[in-house]
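A.B. asks: One-letter residues, chain by chain:
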Amino acid sequence: MDWALIAVVAVPVAAAAVSAVSGWRVGRAVTLACALITLALALVLALAVDGGRTLHAAHGWMRLDSLGAVFLIATGLLYAATAAFSIGYFAGHEAEHGFRGYARQYCGLFNLFAWSMVLVPIAADFGTLWVAVELTTIISALMVAIDRTDGALEASWKYVLIASCGLGIALLAVVFLYATGTTALGAAYVPRFERLFAAAGGLSDDTVRLAFVLAIVGFGTKVGFVPLHTWLPDAHSEAPAPVSALLSGSLLAAALYAILRFFQVAVITGNRAFAEHVLIVFGVVSLVAASLFVLRQSNFKRLLAYSSIEHMAIVALGVGFGAPLAVGGALLHVITHASAKGLAFLGAGSLLRRYDTKEVDGVTGAATVAPFSGPMFLAAALALSGLPLSGVFRSEFQIVSGGFASRDYVGAALLIVFVNLAFFGVVWHAGRMVLSAEDGSTERGETSWWMVAGMAGCLLVVVALGLHLPGGLEQLLADATHRLHAPMP
Amino acid sequence: MPILPDWTVQVLQVLTTLVAAPLVSGVIARAEAIVQQRRGPSVLQPYRDIAKLLHKETVLPGPAGPVFRAAPYVSFAAYATVPLLIPVLTSYGLPLGYMGDVLAGGLILGLGSFVVSLAAIDSGSPYAQLGSSRLRTFGALNEPTVIFVVFVVALTTHTDLPYVLGDTLRSSAVEVVRPSHLLVVAAFFMLVLTETGRIPVQNHGSTLEFGMIEEGRVLEHSGPGLAFLRWGSAVKQLVLFTLFANVLVVPWGLASTGALDAVVLAIVLLLAKAAAIGAAIVVIESSFAKLRLYKIPEFTVASFLLAILAVVIFLFGPDFGDARLTVFGAFATVTAVVVLLLEYGMLRSQDVWEQLRLYALGSAAVAALAFATAAAGHGGSELFVLGAVTIALKALVFPLGVRFVLRKLEVEARVPTTIGVPSSILLAVVLSAFAFVALSGVHLGVEPALPLSALPVAVAGVLVAFLLTVVRPYAPSQLVGFLVLENAVSVGSLVIAPGLPLILALLLLFDVLIGVLVFVVLVQYLAVERTVVRTDALDRLTG
Numbered sequence: 001m002d003w004a005l006i007a008v009v010a011v012p013v014a015a016a017a018v019s020a021v022s023g024w025r026v027g028r029a030v031t032l033a034c035a036l037i038t039l040a041l042a043l044v045l046a047l048a049v050d051g052g053r054t055l056h057a058a059h060g061w062m063r064l065d066s067l068g069a070v071f072l073i074a075t076g077l078l079y080a081a082t083a084a085f086s087i088g089y090f091a092g093h094e095a096e097h098g099f100r101g102y103a104r105q106y107c108g109l110f111n112l113f114a115w116s117m118v119l120v121p122i123a124a125d126f127g128t129l130w131v132a133v134e135l136t137t138i139i140s141a142l143m144v145a146i147d148r149t150d151g152a153l154e155a156s157w158k159y160v161l162i163a164s165c166g167l168g169i170a171l172l173a174v175v176f177l178y179a180t181g182t183t184a185l186g187a188a189y190v191p192r193f194e195r196l197f198a199a200a201g202g203l204s205d206d207t208v209r210l211a212f213v214l215a216i217v218g219f220g221t222k223v224g225f226v227p228l229h230t231w232l233p234d235a236h237s238e239a240p241a242p243v244s245a246l247l248s249g250s251l252l253a254a255a256l257y258a259i260l261r262f263f264q265v266a267v268i269t270g271n272r273a274f275a276e277h278v279l280i281v282f283g284v285v286s287l288v289a290a291s292l293f294v295l296r297q298s299n300f301k302r303l304l305a306y307s308s309i310e311h312m313a314i315v316a317l318g319v320g321f322g323a324p325l326a327v328g329g330a331l332l333h334v335i336t337h338a339s340a341k342g343l344a345f346l347g348a349g350s351l352l353r354r355y356d357t358k359e360v361d362g363v364t365g366a367a368t369v370a371p372f373s374g375p376m377f378l379a380a381a382l383a384l385s386g387l388p389l390s391g392v393f394r395s396e397f398q399i400v401s402g403g404f405a406s407r408d409y410v411g412a413a414l415l416i417v418f419v420n421l422a423f424f425g426v427v428w429h430a431g432r433m434v435l436s437a438e439d440g441s442t443e444r445g446e447t448s449w450w451m452v453a454g455m456a457g458c459l460l461v462v463v464a465l466g467l468h469l470p471g472g473l474e475q476l477l478a479d480a481t482h483r484l485h486a487p488m489p
Numbered sequence: 001m002p003i004l005p006d007w008t009v010q011v012l013q014v015l016t017t018l019v020a021a022p023l024v025s026g027v028i029a030r031a032e033a034i035v036q037q038r039r040g041p042s043v044l045q046p047y048r049d050i051a052k053l054l055h056k057e058t059v060l061p062g063p064a065g066p067v068f069r070a071a072p073y074v075s076f077a078a079y080a081t082v083p084l085l086i087p088v089l090t091s092y093g094l095p096l097g098y099m100g101d102v103l104a105g106g107l108i109l110g111l112g113s114f115v116v117s118l119a120a121i122d123s124g125s126p127y128a129q130l131g132s133s134r135l136r137t138f139g140a141l142n143e144p145t146v147i148f149v150v151f152v153v154a155l156t157t158h159t160d161l162p163y164v165l166g167d168t169l170r171s172s173a174v175e176v177v178r179p180s181h182l183l184v185v186a187a188f189f190m191l192v193l194t195e196t197g198r199i200p201v202q203n204h205g206s207t208l209e210f211g212m213i214e215e216g217r218v219l220e221h222s223g224p225g226l227a228f229l230r231w232g233s234a235v236k237q238l239v240l241f242t243l244f245a246n247v248l249v250v251p252w253g254l255a256s257t258g259a260l261d262a263v264v265l266a267i268v269l270l271l272a273k274a275a276a277i278g279a280a281i282v283v284i285e286s287s288f289a290k291l292r293l294y295k296i297p298e299f300t301v302a303s304f305l306l307a308i309l310a311v312v313i314f315l316f317g318p319d320f321g322d323a324r325l326t327v328f329g330a331f332a333t334v335t336a337v338v339v340l341l342l343e344y345g346m347l348r349s350q351d352v353w354e355q356l357r358l359y360a361l362g363s364a365a366v367a368a369l370a371f372a373t374a375a376a377g378h379g380g381s382e383l384f385v386l387g388a389v390t391i392a393l394k395a396l397v398f399p400l401g402v403r404f405v406l407r408k409l410e411v412e413a414r415v416p417t418t419i420g421v422p423s424s425i426l427l428a429v430v431l432s433a434f435a436f437v438a439l440s441g442v443h444l445g446v447e448p449a450l451p452l453s454a455l456p457v458a459v460a461g462v463l464v465a466f467l468l469t470v471v472r473p474y475a476p477s478q479l480v481g482f483l484v485l486e487n488a489v490s491v492g493s494l495v496i497a498p499g500l501p502l503i504l505a506l507l508l509l510f511d512v513l514i515g516v517l518v519f520v521v522l523v524q525y526l527a528v529e530r531t532v533v534r535t536d537a538l539d540r541l542t543g
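Just so you know, the sequences run in chain order A and B.
Here the first sequence stands for residues 1 to 489, where the numbers follow the working numbering.
Here the second sequence stands for residues 1 to 543, where the numbers follow the working numbering.
These are calculated hints, taken from the structure and not from any lab test.
Hints should not be assumed to be uniformly reliable.
[What the hints assert, rightly or not] Examples of chain A residues lying across from chain B (beta carbon under 8 Å, computed):
#1 Glu154
#2 Ser156
#3 Val284
#4 Phe372
[Said to hold, decoys possible] Beta-carbon label-pair distances, calculated as ranges:
#5 A:Arg272 with B:Phe404: 49 to 57 Å
#6 A:Ser401 with B:Phe404: 29 to 37 Å
#7 A:Trp428 with B:Ile419: 39 to 47 Å
#8 B:Phe434 with A:Arg444: 41 to 49 Å
Because the structure is a prediction, the values reported are computed rather than measured.
Every residue gets a Cβ at the ideal spot worked out from N, C-alpha and C, and that includes glycine.
Starting from the given sequences, assemble the full structure and let the hints guide the process.
C.D. replies: This is how it looks when you write it as structure tokens:
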């Protein structure tokens with residue numbers, strides 16, 4: 001299966017290369033085709049690593065296990081959905097002045113962005129992992145700025161500056177971890193995950209803890225943990241809708257994945273309780289702050305951005321609770337959140353194209369104006385709030401039960417309270433947008449069926465995961481949970 | 001060789017200082033002239049000036065009384081007393097050497113300056129009084145700085161007798177390159193610049209009334225009185241140089257017995273050390289501009305805060321100290337401190353070109369550390385490659401490229417501030433102290449041969465780089481902040497993980513390269529679309 005590892009990295013690069021030089025017509029087709037291939041490869045790879053296997057390629061520089069596969073699926077899923085959506089998102093703009101150059105830039109960067117996020121779960125060592133995460137930052141910063149409006153430039157500058165500084169701290173974490181490995185592994189070694197796990201006995205407790213805290217602060221800046229989240233709502237609200245979906249569903253998760261790798265090192269050196277404690281603290285603070293911000297938003301893209309912070313906090317709490325049920329739920333939440341939040345941002349983008357505003361008050365009667373996008377946006381809001389039938393319900397339910405199982409009553413109770421608070425916020429705003437009476441100023445109809453197709457794909461996944469968890473995925477999640485708690489050298 | 005009795009050496013200490021002091025001033029003036037492409041006065045000119053003034057008659061201002069007349073002689077006597085107390089030529093204590101400690105020496109120096117201020121008041125001349133009041137205002141922080149400097153040295157050596165200070169440093173040379181000691185050295189050097197009236201505080205010997213401080217004070221003096229004031233200030237300069245060299249930085253090369261050859265050698269070496277310090281001063285005087293008068297406190301505040309930082313990290317810092325002095329260990333710590341101090345310089349600077357220059361300088365220091373690490377046998381020859389790439393990218397391509405783009409975009413080079421320089425330096429000091437305190441209890445579990453004492457300095461550098469991006473709402477400065485952040489992490493990585501495989505190090509650098517490109521593209525967008533690169537104008541997105 002090594003070929004699939006190489007292919008999943010090569011395909012988005014090829015797409016980027018082709019679409020950066022060809023026109024919009026070829027570029028969009030290539031992008032969609034490559035995105036679908038990437039999704040297929042991600043699923044193939046996920047099946048291949050099921051059952052505790054680990055894939056290696058490129059002389060050990062690439063590696064995939066079940067933990068990485070979870071995040072790879074999330075990226076593949078969103079890459080495909082947003083590629084389809086992008087085609088519709090720019091429909092009707094083809095004739096505009098300067099669109100040719102814009103489309104080339106957009107397609108090239110879009111594929112590169114997806115590529116960098118595919119790279120994250122495939123990196124085999126802490127150095128490459130950091131490089132991949134930093135690549136996601138700088139490529140996506142250009143994507144955020146692509147519209148060159150005042151807001152986009154401001155958001156992009158804040159984003160690249162804050163995230164790069166955060167990653168500077170994460171780099172320090174990598175350096176510390178490397179340094180403490182030198183006693184067991186020699187002065188010069190490649191800090192592969194397995195090698196560090198194997199040398200766990202020779203690592204200094206203090207340094208591992210220090211590295212973990214630095215990693216959670218550094219990568220946490222990109223995950224959007226409060227109070228390091230300040231760039232996040234700006235970038236999510238100013239980027240083009242497909243990019244927002246990728247940022248929220250995939251990029252945040254990729255940064256969280258990097259933290260989980262440090263978590264594994266903490267676990268195998270016997271610092272699991274400490275690491276879980278830190279995760280719970282960051283999770284609770286972010287959850288509380290984000291749900292309060294959700295309540296008072298008037299801009300629906302910012303609303304979704306704060307909801308992303310909330311959901312990343314839920315994942316952190318799930319891992320922090322430590323019960324296998326909760327951790328499995330947290331990993332499932334990565335996939336369900338990716339699909340639900342992808343759906344929400346794509347829906348928001350579709351409404352934005354219809355109404356030409358990001359204000360909640362500017363959107364009225366979306367159910368009748370956009371007969372598919374409107375209801376699907378509402379469905380996304382309901383799914384995100386964890387209503388039954390959606391996959392998010394399943395994963396959040398697992399996390400809460402896991403929290404009670406591991407006797408983290410305070411954490412679990414806070415989780416329930418603030419998830420409900422966010423539920424009010426999201427559903428109240430989305431409900432007003434979709435179910436209110438239309439004011440007649442906006443013409444009815446869907447802008448493009450491609451947009452509906454992208455959203456429908458996401459919706460399908462959310463609902464399917466809510467109705468039935470496929471055996472293969474269940475196996476994968478169980479295996480990844482096991483890996484997280486018992487990292488295999 | 002004849003052995004000189006103690007009292008002879010004692011007298012010789014004072015004589016050497018008195019005789020050599022004008023020569024040191026003359027050499028510095030001449031060297032400065034040559035560097036600035038002038039011919040300059042003869043190195044003996046200060047002697048000629050003094051001789052000439054001694055033959056002139058004294059003209060007294062109308063209101064002048066006995067204080068005015070006595071002041072030059074009292075101050076000269078004060079300056080001439082200090083060499084009795086400090087190790088000018090010998091490493092062993094001379095009979096009168098234990099009369100007073102470092103603080104006594106400082107107070108006597110202070111007395112010498114104080115009577116001149118009194119005389120200025122007595123003269124009734126507005127210029128003289130202006131000079132005095134300026135000196136008192138700007139010099140208000142000098143004495144606390146001295147006290148904190150003495151604290152650090154005294155904490156290391158458990159005494160503040162100058163002879164014993166030197167002795168302790170000599171017997172455990174590794175103390176000289178402790179981060180706290182290096183900060184003390186930096187603080188004291190800044191103090192020497194202030195006290196000897198050098199740039200950036202004063203234009204030495206300038207009589208331009210806007211910036212005149214020291215020259216203003218003595219404007220009313222003439223004849224022999226002026227001769228002794230001039231001579232006295234030369235002596236004071238040499239005394240400070242001697243303290244700096246023989247107590248703080250290089251307490252080696254002093255006579256350990258009264259043997260004639262050893263004493264002569266000590267005299268020669270003292271002159272050599274003074275010349276080396278003079279060379280540093282010449283470089284500084286030729287590369288920086290004088291600070292505007294109201295900015296001078298920024299400089300003295302910085303030196304004071306550095307001394308405080310030194311005390312804090314001495315008391316609360318981690319005990320990573322190397323057991324013995326190695327060239328490599330010393331080099332690593334010095335590099336880390338240099339990178340940190342350059343960041344302080346960037347915080348102070350309000351000119352983006354200067355910030356870029358300081359960044360290039362810091363990158364060169366990092367590259368030198370990579371070479372030194374490789375030469376010391378850590379990390380292997382791969383580090384030579386890394387050092388070369390570092391020089392090419394970080395010392396040349398980045399600063400020059402960014403400067404090229406900024407020039408092309410015609411952005412305003414003046415860096416705006418959200419908070420003033422002294423406050424930002426204070427914050428930087430707090431952050432640096434935090435880095436030391438945070439690492440103090442950590443057991444790192446790495447090879448003990450590595451120069452771990454440089455690690456907290458590097459971490460402090462990371463935090464100060466953050467500060468730079470926060471307190472300067474100016475896109476190019478924030479880009480520089482990102483770059484120095486990366487430099488500080490590089491120092492940390494060279495110190496504790498020199499074996500990091502080359503391919504990973506190059507990947508990291510590649511990432512930084514892409515990062516810089518993206519930053520530059522965004523600066524360009526900001527400059528073109530929004531016509532400003534000030535980031536405090538970016539305030540639309542909130543909540």
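A.B. asks: Are the hints correct? Go through all of them and say.
C.D. replies: Now for the hints, and whether the structure bears them out:
1. Glu154: Holds - the Cβ of Glu154 (chain A) comes within 8 Å of chain B, reaching about 4 Å at its closest.
2. Ser156: 6 Å, holds
3. Val284: 22 Å, violated
4. Phe372: Because about 30 Å separates Phe372 (chain A) from the closest Cβ in chain B, which is outside the 8 Å limit, the hint is violated.
5. A:Arg272 with B:Phe404: 49 to 57 Å: 51 Å, holds
6. A:Ser401 with B:Phe404: 29 to 37 Å: 60 Å, violated
7. A:Trp428 with B:Ile419: 39 to 47 Å: Given about 41 Å between the Cβ atoms, the range holds.
8. B:Phe434 with A:Arg444: 41 to 49 Å: 60 Å, violated
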